[in-house]
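Participant: Next come the chains, spelled out residue by residue.
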Amino acid sequence: MRHTISVVVENEFGVLTRIAGLFSGRGFNIESLSVAPTLDPTLSRMTIVTSGDDRIIEQVNKQLNKLIDTIKVIDFTNEEFIEREMALIKVTAEESTRAEILRVCDIFRGKIVDVTPKCYTVEVTGSPVKVNAIIDLLRPMGIKELVRSGPVVLGRGPKGWKGI
Amino acid sequence: MKLTGSKILLESLIQEGVETIFGYPGGTVINIYDDLMGSSIKHVLTRHEQAAVHAADGYARATGKVGVAIATSGPGATNTITGIANAYMDSIPMVVITGQVPTGLIGNDAFQEADLIGITRPITKHNYLVKDVKDLARIIKQAFYIARTGRPGPVVIDLPKDVQVATAKFEYPDKVELRGYKPTFSGNVRMIEKAVKMMLTAKKPVLYVGGGATLTDAHAELMELAETLQAPVTTTLMGMASFPTRHPLSLGMLGMHGTYYANMAVTNSDVLIALGARFDDRVTGKISTFAPHAKIIHVDVDPTSIKKNVRVDLPIVGDLRDVLKKMNKKLAEHKDEIAQENEALKPWLEEIAAWRKDHPMTYKQSATEIKPQFVIEKLRELSNDDAIVATEVGQHQMWTAQFFNFTQPRTFLSSGGLGTMGYGLPAALGAQVAFPERQVIDISGDGSFQMNSQELATLVQYRLPVKIAILNNNFLGMVRQWQQLFFDKRYSQTCMELPIDFTKLAEAYGATGLRATRPEEVEEVIKKAFATPGPVIMEFKVSREENVMPMVPAGAGLNEMVLAS
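Just so you know, the sequences run in chain order A and B. Residue 1 is where the first sequence starts when you use the working numbering, and the numbers rise one by one after that. Residue 165 is where the second sequence starts when you use the working numbering, and the numbers rise one by one after that.
No wet-lab data here; the hints were simulated from the structure. Possibly wrong hints are sitting among the right ones.
To be verified - Calculated lysine-lysine pairs in the DSS-like style (CA-CA distance at most 30 Å, straight line):
no., chain 1, residue 1, chain 2, residue 2
1, B, Lys-489, B, Lys-499
2, A, Lys-66, B, Lys-295
3, B, Lys-472, A, Lys-62
4, B, Lys-346, A, Lys-162
5, A, Lys-66, B, Lys-450
6, B, Lys-450, B, Lys-367
7, B, Lys-367, B, Lys-493
Given the sequences, and given the hints that come with them, work out the whole structure.
Facilitator: Right under this line is the structure:
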């Protein structure tokens, strides 16, 4: 089963390697990982998408907690949460397909952020499912390159974690 | 007053109560070695960095203190890797200090540079690269705290040469602040009450004791629990010596080369109480047939150990000694139930006694050949009760576990998790440094011994009277045994074809060498070795194709033991 986990860590040299090495060393899956500093510059927040059965996910959570540099682990699986990912998609824009690209972009509330005579670059934000959907629709037009950020998540509701 | 980094290091070690360190000098630690000359810290110069780390490990296991080792950058540091991994697998508290090239050269493929932080990340509890001398005292304080608390383990401090030379005001911190590290010490009282209830209603309980009992010095509390419940006790290799093997409730070791009765007891138990043990594959055999009827109570300080390999019905996270104290206190409130429980357990103890009677831990004696097990028995008989025994890894290690009958805690030093050949001699060295007056014995095979035999020089130099018993069969015996049993006797590369004269090797280093080739010589050689000052090698030419039995073949269940080969 797919799990999305937030990990608050010390914003220090080598922390990313510790997390990544933990996953590879113990054979855990890592589908995506995004990381950036928090409001408190001494901390970073990672969002990791992983998958495995209950036993493996329990180990993932425990092993992450065990790292000295880990401050907090939040597994969102049993909570309501907002999940957003951004993609930049460079798509071939011929005379015949430009209108269709714009239409698709509009439906998904995307934006054209770069234009050349033969190419549009689309920026889109949404759940991974939504991002997959727009990619599927743009694929027939000819995708030249794309990049996805991997999801970031926050729990729904007023509850926050330490204002960071 | 401002001090250099290397002085701050040594002052901090003194603040941590460190008396002895084990190490090997080199270019990037030369400043530290210079300052060592005027320091109260004793330094033991081993002949290889791996041995320095094993010696610190043996020192830590024998004393319960944090072991400290030091090595230079590059090859010195990479030589420590096996020692660090060994300590990590067995949860041994240790701080390893490595030199590093100056910060400005890091990443430049400088002479004797290795990314030690990268290399040791998966084999340390934590590691530090010190970039600023101002952080050094805090980092050392944290390193010792991390090494000895929670589930203990090795911590590496990588110290660039320029940081050793730079100066800073020295103030050793009073306390540690680590927002990401707060190990649970105190066991949850409600869970402990539940556990006590389960124990009191169990009909076939078994206490399964691991290294946690030694690490927390919980032997007295363990004894109290076992005797109150009248429950049988089996230990892992790491738990060995935390419960006396000769005690009527002791089942000896369980697992691959454990006793038949320990494995049968675990298989038939209805409540299995795991105390500071981690259900290693060498212990459980096939997981699906491991303790199939048992409710499992698992006490461990490390939450990741719980439910990692087996299902657990009642987890208790906490320091084992603390949990056992609370269990014993709770049990004391149930005097009547204890009496009933003791009575109800009698048929179970009789069942176990029958298994023990049918298949005792034994071997066939010989009038002409020295049986390795016989040597172990004689070593036990002729050594002091508080003798410290280190082993290498292989057949001799298992025979020691099976036949030495340990009675006192922290007297058995052996590489459990990593299975490191060459561990025993330097570990014995470290223990002898800690306890100069006690008997220290390294039980070895001819294969393992040659992996760190250079440490004979260290023993002689520091007048460390370690007695080394080499069970010489001219084979890598454990692998040969597997080849015999599972590979149709195809002894690929396990025969050590060049017979070494170990007595002459001893003499070359200035130690004493003795040899026994016949059973009747064994006692005499051991007596003579124990009476000889200084280090002694006792070489026993043992029966070559003796096997460690009984045995659970790899992948089989504990109830599928092979009793004789």
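Participant: Decide, hint by hint, whether the structure agrees.
Facilitator: Cross-check of the supplied hints:
A hinted pair counts as satisfied when its Cα atoms are at most 30 Å apart, and Lys-489/B with Lys-499/B qualifies at roughly 16 Å. The hinted pair formed by Lys-66/A and Lys-295/B meets the criterion: a straight-line CA distance of about 24 Å does not exceed 30 Å. Pair hint Lys-472/B plus Lys-62/A holds up; C-alpha atoms about 10 Å apart against a cutoff of 30 Å. In summary, the hint linking Lys-346/B to Lys-162/A is supported, as the alpha carbons are separated by about 18 Å, within the 30 Å threshold.
For a cut-off of 30 Å, the pair hint linking Lys-66/A to Lys-450/B stands: about 28 Å separates their Cα positions. Of the pairs offered as hints, the one joining Lys-450/B and Lys-367/B holds, with about 24 Å between alpha carbons and a cut-off of 30 Å not exceeded. Restraint check for Lys-367/B and Lys-493/B: the C-alpha separation of about 21 Å stays at or below 30 Å, so the hint holds.
When held up to the earlier numbered hints, the structure conflicts with none and fits them all.
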